[in-house]
Amino acid sequence: MKCYLGIDIGSISTKGVIIDEENNIIASSYIWTEGNPVESVKKLVEILKQQLPEEYKIHGIGTTGSARKLIGIMLNANVVKNEITAHAVGTLAFHPDVKTILEIGGQDSKIIILRNGIIVDYAMNTLCAAGTGSFLSSQAKRLSIPIEDFGEIALTSKNPAKIAARCTVFAESDLIHKAQVGYSKQDIIAGLCKSIVLNYLNNVGKGKKIRGPIIFQGGVSKNKGVLKYFREILNEDVMVDENGHLMGAIGIAILSKKESSEKQYDLNIEDIKFITKANECNKCPNNCEILRIYKNDEHVDSWGSMCGKVK
Amino acid sequence: MGNYYIPASYFFSHVLNAKIMKSPKITSKTIELGSKYSPDFVCSPFKYTLGTMIEGLEKGANVIFQLGGGCRYGYYSELQEQILKDLGYDFLYINFVTGGKADIKKIYRDLKKIDKKFNPIKALYYLFITTKMIKYMDKIDDYIRKNIGFEVNENEFEKTNDEMLKEFSKTKNYISLYRTYKKYRKKMKSIKVNKKEVLKVGIIGELYTVMEPFANYFLERELAKFGIEITRFTNAHYLLFEKTRKVKKYLKNTKEYIKYRMGADAHDNVARAKELCEKKYEGIIHIKSSFCTPEIGCMHIIEKICSKYDVPVIFFSFDSNTSEVGIKTRLEAFYEMIEMRKNNEMLPRD
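First to last, the protein sequences are chains L and Z. Just so we're aligned: 153 in our numbering is position 153 of the first sequence, and the numbers increase by one with no gaps anywhere. Just so we're aligned: 6 in our numbering is position 6 of the second sequence, and the numbers increase by one with no gaps anywhere.
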């Protein structure tokens, strides 16, 4: 039977799913990227291979996320697309009537506005990672609380501390200040969750027509505290799908299904030697950083050159 | 800025008895130099021009010309002069526009300083040719922008344009310039394009970032790869000769949004956003350098206009530290969104 692999390689986590013709999830996995997309994808594919029943054969591979291009070359993917489109397509497959997607990931946050199943508007955070998952996890570490418990603890607070929402640096000094003057941990954590929501709505969500049904996705959607404040501040019901963290991967798998052919892909990549070499081209003052990609010592692609003459 | 060094050096080399140095093409090194000696929170045009000046001075230039602008840029030249003098360079700094006005007597005196035989009648003649050259360049440029995404043979437009510019710089008089222009206009129109249903996108925003491809990370080239027809209003001809004429009309067209001029090109961009919406463009891209105050002021108005007409708009702020990958991701998503919208035009949107 035909099936399709979708991989979403984010800054913090790598997500992979295999779906069949009816978009049912046959295999899925979620592991940490640990700063090494190539190795983590190898690991991910091994896990997925073990979950995959033998009668299924891969007929399409899609990659998305910030390392999509690199992994796309590594796996010979037939579709390489940005995470905004992938998320929208994935979500629409399960919730066709959704009108707003809120997404907070490890390094970025985005909002996608949909009407009648098409993207009509979107926004993504710009320069800094304020109010994203990596800020939450670094604060969790500072308070020595496991990030998984963050949401539960936030829910116990009755009086969330007010924490500056604009910038992580200010938020952190505010946090320390509030702790030193004696606020309880619950209140601080709840305040932090609230500040994430405010930051998101004031930056990414500014000027966007947020209407229900609303769905909340990305790693941070697992945090019940953040979810609670989204519901409270938007004054609307906000859904969270149990597969919310996989939506990007599902979306790109669906897109790869649409463009698939009879061609079969094999997943034996653990022995493939995949090396990237970066060096500066000094032929003109641009000093472009050229990245060359070698698969089994064979040069397959290179990018980074502005003039396009250097391969 | 872009290819405008060609008419500029053409003018000065004919009018002044001096060696005109081509300002070096902007590269990563330019912006590195510029950022190093600029205040951090100044807008990127300041950094780019300062970098270019340093590179020029290093190559041996001893006179620098600067034009002022309608925003903070009007005060930049004094600051740049001071920074460069502090760095120990010895040169003559000539600013054509001081305090927002061009003083013809002062310009005449300044030019006399460089060349004692400076002849204003001759200068007027070459000024005429130069302005025509700019006009023709911009006209050809507009045509290229609309078609380059659809060319059948890659790089044909760019190659023909380079040839034309080379001939322009060797022009002897107005008639030969006009003939060259006509020849290349014909050539351009004969370049094969494969154009059927197209997506149309308008680019508006702060003038330097719009006009210097290096400063906007070759945005137009990226868009052309998607097969998008691009419209852009700001070019040198517009800034020099059309702007003053059009301001009143622009303000009248947008009187429900703005009452006064907003500095630099901000009100122009409000009017253009409305025009693009009315012409049913599929999308608008607004670009500016970070910290550009006039454009920050007009962004919210543009957003309001676009949501009224239901035209998607995307805003980019460019700085020396912008990540190119981030821009590509957002552009790709923007392209896919407008394509999706176009294919589902019939569906109602509340």
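To be clear, the hints were calculated from the coordinates, so they are not data collected in a lab. Just so it is clear, the structure is predicted and the values come from calculations on it, not from any experiment. In this text, a Cβ means the ideal position worked out from N, Cα and C, and glycines have one as well. It is possible that part of the hints are untrue.
[As the list claims (entries may be wrong)] Computed list of lysine to aspartate or glutamate pairs in EDC-like fashion (alpha-carbon distance at most 16 Å, straight line): (1) L:K222 / L:E280; (2) Z:K183 / Z:E154; (3) L:K206 / Z:E163; (4) Z:K29 / Z:E58; (5) Z:K29 / L:E289; (6) L:K209 / Z:E324; (7) L:K208 / Z:D310; (8) L:K208 / Z:E212; (9) Z:K29 / L:E21; (10) L:K309 / Z:E163; (11) L:K69 / Z:E324; (12) L:K158 / L:E232; (13) L:K69 / Z:E332; (14) L:K209 / Z:D310; (15) L:K49 / L:D20.
[As the list claims (entries may be wrong)] Covered, in the sense of this in silico footprint (three residues per stretch, anywhere, with C-beta under 8 Å from a C-beta of chain Z), are these stretches of chain L: (16) 75-86; (17) 285-293.
Against the structure, the hints come out as follows:
no., hint, in the structure
1, L:K222 / L:E280, "41 Å, violated"
2, Z:K183 / Z:E154, "21 Å, violated"
3, L:K206 / Z:E163, "47 Å, violated"
4, Z:K29 / Z:E58, "13 Å, holds"
5, Z:K29 / L:E289, "13 Å, holds"
6, L:K209 / Z:E324, "28 Å, violated"
7, L:K208 / Z:D310, "12 Å, holds"
8, L:K208 / Z:E212, "31 Å, violated"
9, Z:K29 / L:E21, "52 Å, violated"
10, L:K309 / Z:E163, "20 Å, violated"
11, L:K69 / Z:E324, "14 Å, holds"
12, L:K158 / L:E232, "14 Å, holds"
13, L:K69 / Z:E332, "13 Å, holds"
14, L:K209 / Z:D310, "12 Å, holds"
15, L:K49 / L:D20, "14 Å, holds"
16, 75-86, "holds (count 5)"
17, 285-293, "holds (count 4)"
In the structure shown, a violation is registered for the earlier hints numbered 1, 2, 3, 6, 8, 9, 10, in ascending order.
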